[in-house]
Amino acid sequence: MGDKADVWQGTLALMVLKTLESMGPLHGYGIARRIEQVSDDLLNVNYGTLYPALLKLEQEGYIDSEWGVSDNNRKAKYYKLTRAGRKQLAKEAREWQQATDILARFLTEPERTS
Amino acid sequence: MRRFRGWLVRLAGMFRKEQSEAELAEELEGHAQMHVEENIRAGLSPEAARRDALMRLGGLEQAKERYRDQRSLPWLDALVQDLRFALRMLATRPGFTAIAILTLALGIGATTAVFSVVDRVLFRSLPYPHDDRLVSFGVRAPFEGIEFMLAPEYAVLRSQSTPFESMTSIMPGGTGCDITEENPVRLSCASVESTFLSTLGVRPIIGRDFVREDDRPNAPRVAFLSYGLWKSRFASDPSVAGKTLSLDGKPVQIIGVLPEEFEMPNLGAADMLLPQALDDSALDRKNPRVVLRAFARLKPGVTIEQAKAGLEPWFQESLRFVPPQFRAEVSLRVRSLRDRQIENSRVGAWVLFGAVIAVLMLACTNVANLMLARTVSRQRELAVRSALGASTVRLARQTLTESLLLALLGGIAGCGLAYLLLQAFIAIAPEGIVRLRQASLDFRVLRFGLAVSLLSGIIFGVTPALADAAPESLSGRSMGPAGRGFLRHVLVAGQIAGSLILLAGAGLLLRSLWQIQSIPLGLETQQVVTAQISLAEHRYPDTPKQIAFFRDVETRLERIPGVTYLALSDTLPPSGGMQETFYATIEVPGRQRPSEGTGGMVGWRMVTPNYFPALGIRMVRGRGFTDEDRAPAENPVILNEALADKMFPQEEPIGKQLRFFSFGTQGPWRTIVGVAADVKNNGLIAPADPEFYIPWKNDPQTYVRHAHVTFRTSFSPSAVVPWIRTEIAGLDPTVPVEFSTMQARVGKLMEQPRFDAILLSLFAGIGVVLAALGIYGVVSFFVTQRTQEIAVRMALGATPRRILGMTLLNLARWTLAGATLGLLGAWFCARLLQSLLFEVHVHDPILLTLSLLILLAVAFLAAWVPARRAARVDPMVALRYE
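Protein sequences, first through last, are from chains A and B.
Each residue of the first sequence is one higher than the last, beginning at 6 in the working numbering.
Each residue of the second sequence is one higher than the last, beginning at -4 in the working numbering.
Certain hints may be false.
Said to hold, decoys possible - Simulated pairs of lysine-lysine, BS3-like, Cα-Cα distance not exceeding 25 Å:
#, chain 1, residue 1, chain 2, residue 2
1, B, K59, A, K85
2, A, K61, B, K303
3, B, K641, A, K82
4, B, K59, A, K80
5, A, K96, A, K23
6, A, K85, A, K61
Honestly, the hints are just simulated from the structure, not real lab data.
No experiment lies behind these values; they were computed from the predicted model shown.
Here chain A stands alone, though its shape is the one from the complex (with noise of 0.2 Å):
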């Protein structure tokens, strides 16, 4: 477990919206469980950090929020992607992209001998 790395707190909004947009209204354990499988267990989420980004997202209005019942008959709050949020999704993707690219070219450059 210790050589999971944590989230960082401005990415894990993004990974929230993006599973949300991909795997359709879940709820917080889901979301949570679903970032660390596609990180290959490598991200740890725990709800100390994913709650209060939820609420801020749902507080932007990024996300929507609603009491339903889980697979296995269980009371559950879930989220879902409102247009915003989509948007933002869309947004933040591609900036985040920008940053890969511009760094990766940084990191890919061959030394120069002069």
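The hints should help you fit chain B onto chain A, whose structure is shown.
Below, chain B alone, put in the same frame as chain A:
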């Protein structure tokens, strides 16, 4: 936008906590359950599954805490809590709260009000662009306080190269002018050079600037309207330029309107601006007749010193036209326009400013002292809270909130006080204070005052509170660190020093006011009524008509009952404004008249024979005028003592002859028949000017549109006024008459010193009150702190008297230290007041002693009240309490 929405939701989140708290618990519990179930599915035992879940998920309570922080605005939450607590704290100590708020209100209120006034005088920019480059320049001579230029010398300078970008001049003093058409009205007109507006950088809101041609003597007459006149008389007509107006019976074309904020550089009144249009005779260097005030705009980067050096060659050259005996007294002066404008208010403003800073300091020390005292008394409470787990930051925030709340309440009260004070200042202020009437509350100062008192509250309240909040202080029954007591006493000593300085300063000004009020004026003011009459030029266009009117006035008014003496004169003391001539132009037979230069100014008046008895002016030698002196063939003259001493220092003046230039011609030879006592003419403090009197004749050579009628009456002045009014109205109901009493006229001159004295006394009063509050606070705190000790002492046999003595003695040392410091300070500060004082020695020992005694008495009283409480301590009660 999204972020803002988030804030709103969080703000709303503050209000539905219970419900969302339950939902959160349920959601987190569900999360943990799902995790456990999955672990079990993966083959773990239920205990291991649960343990793993909790380990991976992190602490439940910490998660909830973080969630709560995100749900609402935690700092706002805490703030509301702090505020509630602070209000409760303040309410439980009404005495402390009242004193603190009062102190802050006095400090902030007085500072703001005074600074709002002083700022206008000392620091605000003038209503001209790049006002720092505007200067007033000219020649300074002993007979004229403000620098001036003789018109021909000005013309010479104008033709040379100067350090100025441009220069301009105006005629000193506005002159009365009448609009002579429908709705005639009397205005004040200023005559200016055509470069006037461009030099000052004033752009007319309507119309064109003056052009050089307007300044030619025979050019068609043009005029600018002031904004006020444009609005009132022309109903803000935008097409007013080009219209013609009848001014003093002659047509004048309006060429423009001045902006609303326009003011004359000499702060004179001006409803209209007219070109000077000086003719060649005014520019004759040998015979200078016209005096100008000159202003200029410096070239960029040129300093006032450089400008002065640049004018030096011209000045040296023009000195050739000054009589040799006066050359040493004449100097060149260049100073900023601001300096010229605030000349008279400057020292007063700085003194006021100093006094206000002192009061602010006193208020701050008081707040500091109160905070210190309260901190010590709250030591335990803070220690308990700290022991229970309150973080230092949290405690700091709590104390800070209390200080801020106190400052806020004090600030609000101070705001109100500042407003009232400012209104009061404006109400009692004399005419002379520059721009006072435009003064409004200055919020920068309000903020400054608030910030300073707040800062002192924080430094002295929060810092020691935190140092003492360590839980260890719970164990010992400490009496409070000795060092803190030292600091408090030093603050008290400082307060006493500060208020002693203020008190001594106020004493000096009051004493000076007293002196001024007892100055011999040279005339008797009791039972004297004056009436000022101005004839409009369009109704009385020529001298015969004017003379006829005043002759009728004289004969009609003599019939009024109760008039002991009735006199007519063209001007009246004590506020100046009389006709003047150059000393050098007065000819005395057998004496060589200096061919060049002025030789100083000599004032003169035209008076009827009863002028001297009506005003109670004593004749020192010779006789006064008689009715025979008014005959056309008679030409007597009466000198005042100052002129007689100047003109005939070693000789008998009676019987000598002189003649002078008046009404545009050389006058007849006049015989000196008497010497009258000096009368204060230009203010009370200035020495008497040389002056002479000639009889008021009904002579068409003279020019009398304005006159003063003076009555000495045996009745009450207010009874006589309606009779006079009726008589004059019987002659011509349209003539305006302005009544006053001689006492009121003299009283006006007293306004400035009275204003200074009242203000400084007010501050001294506030200072003493603050010092008393401070002393009271410290002693009563001392008593509360030592109740236990006092009780033990009393139980061991100390008498109440001894306890009283001990308490007072403790304070006495510091009071004396403060008083010594205060005396030293007062000694040095008194010098700054020198120019405001009249015939009072700056180091008046009686005054200083008196101030000291007052302060010591107040200090003793302030200490006495709580010290008595110490002496009444019941040892049993006190010991049990502990």
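Verification of the supplied hints:
1. B:K59 / A:K85: Given pair B:K59, A:K85 holds - Cα atoms ~22 Å apart, limit 25 Å.
2. A:K61 / B:K303: violated (70 Å)
3. B:K641 / A:K82: Since the Cα atoms of B:K641 and A:K82 sit roughly 108 Å apart, the hinted pair is violated (cutoff 25 Å).
4. B:K59 / A:K80: holds (19 Å)
5. A:K96 / A:K23: Holds, at about 12 Å.
6. A:K85 / A:K61: Within the cut-off at roughly 14 Å; holds.
Of the hints listed earlier, those the structure fails to meet are numbers 2, 3, in rising order.
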